[in-house]
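> Kindly generate the complete structure, drawing on both the sequences and the hints.
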Amino acid sequence: MNETDKIMRLRKLTIHNIASIEDAEIDFEARPLSDAPVFLITGDTGSGKSTILDAICLALYATTPRFDNTQMEGDMDEAGKPITLRDPRQLMRRNTGEASVTLTFTGSNGVAYEAAWSVARARKRPSGALQGKQWSLQNLSSGDILTKDKDIKAEILLAVGLDFKQFCRTVMLAQGEFTRFLNSKNEEKASILEKITGMDIYRRLGEKIYQLTMMRKSALDEALRKVEAINLLDDGTVVEKKALLASLDTEIASLKGKRGEMECRRDWLSTKSTLDKSLADAEKAYKAAIEVKEGEDYRRDSMLIDTWTRTVEPRGWMKAAAEAALEVMERKRSLDLLATEFVEIRCGHAYAMINRDALEDDLRKTDAVIAAHQPKAAVYANSQAITGLVAAIIGYGDKIRATTADAEKEKATLAAMLLGLEKAACEYEKGCTSLEARRREVEGLDRSLLAMDMANVRRRITELRDRIAACATARDREEVVAREKSRFEAQEKRLAAMSEEIDALQKSIDDMEEPLASAKSQMERRERDYERQRESVGRWAKDIRSRLDVGDICPVCRQHVIAAIPGEAEIDDVCRVAREEWEKAVADYRALNDRKAVDAAKLQALTDTYGKERREHEQGDAYARALADAEAACRKCGIDRAAGDVGAAISAAEKDAAEELGRLELKSAEGEEMEKRLRALRSAMEKEGKTLEHLADEKAVAEKKVADSNSAIATFAALVEGWKSDIVKSTADLRTRVGESEWQARWEDDPVGCAARLSGEAMAFDALVEHRRNLAPQLEKAATLCNDVGGVIAAVSGLMSSWSGAGVTPRECRGLREKASGIFAEVKTAVDMRRNAESRVMENRRRVDAFVASATGISTDDLTRLQEYSAAYISELSVSLKRIADDVLMKKTLLDEAIRKVADHEKIPPALDPSDTPETLDASIKEIDAAIDEKGRLSGEISLLLRQDAERRVEQGRLLEDAARKKDEFNRWERLRSLLGDAAGKRFREIAQSYVLASLIHSANSYMRNLSDRYQLKVVPGTFVITIEDAYQGYTSRSTTTISGGESFLVSLSLALALSDIGSRLAVDTLFIDEGFGTLSGEPLRKAVDTLRSLHAVSGRHVGIISHVEELRERIPVQIRLHRDVNASSSIVTVNPAP
1 MNETDKIMRL RKLTIHNIAS IEDAEIDFEA RPLSDAPVFL ITGDTGSGKS
51 TILDAICLAL YATTPRFDNT QMEGDMDEAG KPITLRDPRQ LMRRNTGEAS
101 VTLTFTGSNG VAYEAAWSVA RARKRPSGAL QGKQWSLQNL SSGDILTKDK
151 DIKAEILLAV GLDFKQFCRT VMLAQGEFTR FLNSKNEEKA SILEKITGMD
201 IYRRLGEKIY QLTMMRKSAL DEALRKVEAI NLLDDGTVVE KKALLASLDT
251 EIASLKGKRG EMECRRDWLS TKSTLDKSLA DAEKAYKAAI EVKEGEDYRR
301 DSMLIDTWTR TVEPRGWMKA AAEAALEVME RKRSLDLLAT EFVEIRCGHA
351 YAMINRDALE DDLRKTDAVI AAHQPKAAVY ANSQAITGLV AAIIGYGDKI
401 RATTADAEKE KATLAAMLLG LEKAACEYEK GCTSLEARRR EVEGLDRSLL
451 AMDMANVRRR ITELRDRIAA CATARDREEV VAREKSRFEA QEKRLAAMSE
501 EIDALQKSID DMEEPLASAK SQMERRERDY ERQRESVGRW AKDIRSRLDV
551 GDICPVCRQH VIAAIPGEAE IDDVCRVARE EWEKAVADYR ALNDRKAVDA
601 AKLQALTDTY GKERREHEQG DAYARALADA EAACRKCGID RAAGDVGAAI
651 SAAEKDAAEE LGRLELKSAE GEEMEKRLRA LRSAMEKEGK TLEHLADEKA
701 VAEKKVADSN SAIATFAALV EGWKSDIVKS TADLRTRVGE SEWQARWEDD
751 PVGCAARLSG EAMAFDALVE HRRNLAPQLE KAATLCNDVG GVIAAVSGLM
801 SSWSGAGVTP RECRGLREKA SGIFAEVKTA VDMRRNAESR VMENRRRVDA
851 FVASATGIST DDLTRLQEYS AAYISELSVS LKRIADDVLM KKTLLDEAIR
901 KVADHEKIPP ALDPSDTPET LDASIKEIDA AIDEKGRLSG EISLLLRQDA
951 ERRVEQGRLL EDAARKKDEF NRWERLRSLL GDAAGKRFRE IAQSYVLASL
1001 IHSANSYMRN LSDRYQLKVV PGTFVITIED AYQGYTSRST TTISGGESFL
1051 VSLSLALALS DIGSRLAVDT LFIDEGFGTL SGEPLRKAVD TLRSLHAVSG
1101 RHVGIISHVE ELRERIPVQI RLHRDVNASS SIVTVNPAP
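Under the numbering used here, the first residue of the sequence shown carries the number 1, and numbering increases by one thereafter.
Worth flagging that the hints you see were computed from the coordinates, not collected in a lab.
No false leads were slipped in.
Computed list of lysine to any residue pairs in SDA-like fashion (alpha-carbon distance at most 20 Å, straight line):
id: 1; residue 1: Lys242; residue 2: Leu944
id: 2; residue 1: Lys1018; residue 2: Val481
id: 3; residue 1: Lys153; residue 2: Ser100
id: 4; residue 1: Lys704; residue 2: Gly420
id: 5; residue 1: Lys256; residue 2: Leu245
id: 6; residue 1: Lys411; residue 2: Glu422
id: 7; residue 1: Lys411; residue 2: Ala702
The calculated label-pair distances, taken between Cβ atoms and stated as ranges, are:
id: 8; residue 1: Arg487; residue 2: Arg1113; range: 49 to 59 Å
id: 9; residue 1: Ile908; residue 2: Thr307; range: 50 to 60 Å
id: 10; residue 1: Arg814; residue 2: Arg865; range: 48 to 58 Å
Bear in mind the structure is a predicted one, so any value in this text is a computation, not a measurement.
For every residue, glycine included, the Cβ atom is placed at its ideal position computed from N, Cα and C.
Now the structure itself:
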């Protein structure tokens, strides 16, 4: 897809009941709009000119600029319900029940779409309640339809390449905003420029830089607060706490040893008591277990188990005899059922024999009928062929009559076709003559354009415009060089100042070394003095002094006391003074040390910053790049920077290029007018060529129709002759098949009736033959069934002779063969099993009688009674008895183990006091535990205090590192904030917008040269100050406030056109201008319109101007005109060239 394919193209807009427009359809692809570089949307005030733009936006974005830009707030009443003042549903025309907009367009992605927006009232009545909007987007290629707002917005962004605000800036030129921009304050200029360019990112970045810097400052303040909040123990306290902790640990160890000894004596006594109790319990349990085993229940159950076990086999014989007797009864019942089934089989056999006899009789009768019709069998066999021949003869006759009628109609049509062919040939000759005259005229214009060499003219114009643009770029590059040079020198000065500050800090730190060493020495000396005085006021020193008199020897220094010893109050005062002097020395030393640390931190931070900025300064190439860019820009203009005054050279080159460009543009305009006429001639010739092709096609079609008609008439005649020949052949074949005598007697006069009768007789004969064919296998199957079933009946009667005596009644028996096949085996099996069961009954009863006779004391009744006990019950009873015996053995084992444990425990008794009992020893242990707990609590408190102090020291170090890191980070962000950030984002916005404005001014000047050769726009770098360079006044610069309204419009239009070029790769093929042309007239108006026309030649864009200015109606031939309908409150929209 090339660049021109990436433009969104409007195709057709349909409006229904929107604002003042009732119904309108604007086809942007139809002539004259499709061929017009510029078209005018004109009409009286209030006729709905801007409504066309609203309709396009409604279809694409479901909103309009007038609602999006309003600053009004609040709601309005709509049938008793509030709707916001920004609601586009208000555009529905008053006193109507529905409104809609449909726009078909081709997206910048090459896909065709139809966007539709609509709104209605309830039941589409003007008095109904206002309903919600309906918005859809259909892909005309795939047929997919989107109805959700989120999906539509995403697809529109993909298809158009612009969101709503970008669409408004690109399609609806913002020259009005730029007019306000030229006359506003700097703050307002930044706001307006941000609005019309949509580049609010820089304001948000400036705000974000400020916010992030403040966040890092807060983080640094919090880190410093955390450092100051940590309190540490002094070194003396730490030593004292560690000594106390060691003493407590020694005491706790001693108490634990004493406790262990007492616990051992207590545990021995407790264990002795427990073992004695266990022994008594074991003796009692063993005695109870013996009593259970020797009881009456245990003996009775043991005898039952013994008897039941010895009679297992005879009880099995009794059970087998009973089961065999039951089986004898079951087999008898089975034979009774089989006897009933056997009777049913005999009845079915009798029925089958009757059916076999009936089939034999039917077969004999069928054979007799077939023999009677045998002479006509050959005719019956050909009945279908004969019937077909009769139908063919009748059909041929019908076709001959229909085809003859068609031939007569075709002859009548042919006469009319011949007249049409003659007329088409005449029109074609006229078209050829007109097209040849048009071709000669086009060739003449082509030769004239070739002589003008328009390609070189346009190439030279492009080169000159590029030269002028290069001059403007070179001028901008020179300004950048000046700025970069100034910045470079300022950075050198800043680095020199930082270096001086670093040297001053280093000198200050070096100068502090001697005072710091002196303060440290003074602090240590004062500390030793204080320690000596503190020892002198201790309790032991006071005790010694209280025992000394004049003449005694001091036990400490071994000197004679020669004077009265001072009082204790005097000595305490001396100690307090020594302490105060020591504390002051400590404070002085710490103050000096803190000052040195602060200076060292500042020195380190400043040194790091200086090193980084020095490296960046030395490695930075902005100034060198600015020089290189300026030299490259000057080379493009053909200027040598080393030759002298670069600015004058640039202005001279720019002026020469502008003069030559003016001459060439006049020649180009003449050539473009000739090209326009040539395009119109070629378009007319193309239309005439298509008309001629159409006439040729019509002539060829007429000739083909005449030829086809003649061919059809000949074909009809050939078909009739062929069908007549087929009738003769089919008649001869029919006489042969029915026989000559039969043909003459009946068929010749009534072939259709004879064929119908023959068909019925043949079908009856075929059915009789088929019946005969089916009877034979049926008879054979019935005979086989009778024989098979008869054999089974005989075999069963041999086994059960009593079953064959009763009479039977013939009746149908379904599944006779299957029932007969299985009954013999079932009867034989039942008889054999009954005999076997009777034999087993006798044998098992004999065995039981023999056992009773041989066994002492066990009768048949005893066996029957024992049979009532199940094996599971006997097994459970045996387990219960075994459990009792095992319990006796276990209780005896436990008793022996208790006796052994008591003896083992008494072998090694501890050293006991006569008063020792578990209770007294428990009380003593509790007292020791209380002492251990108290000392442990004190030890834990001291350990926790020391551990917390150590953790706080580690935490303080970590927090100091964190604070230093956060300070470095804050310093980096503070430098960035000082350059770009502030609370409102104004600083970065103004810097960025000044560069954006400079770029817009550069692009706008290319349009300004087309609009007026008098003015050139300039912007003061880094500001929003726009000036006009006036060629008529020696290229002097003056403020834009000094220009007229028409000139101000030209400046604003240039800026708006430049803005529309931003993002032109994703643009729309039609631009709209909705204000400002009322300030122009005459030559400026012509140039403005010509400039807008040039957009079509350069980028393929069309421009729609919305205005009611009369002079525009005369200059722009293609117009969309809106005028009020005198009979209604709506406007009528027409698309037509100007009258």
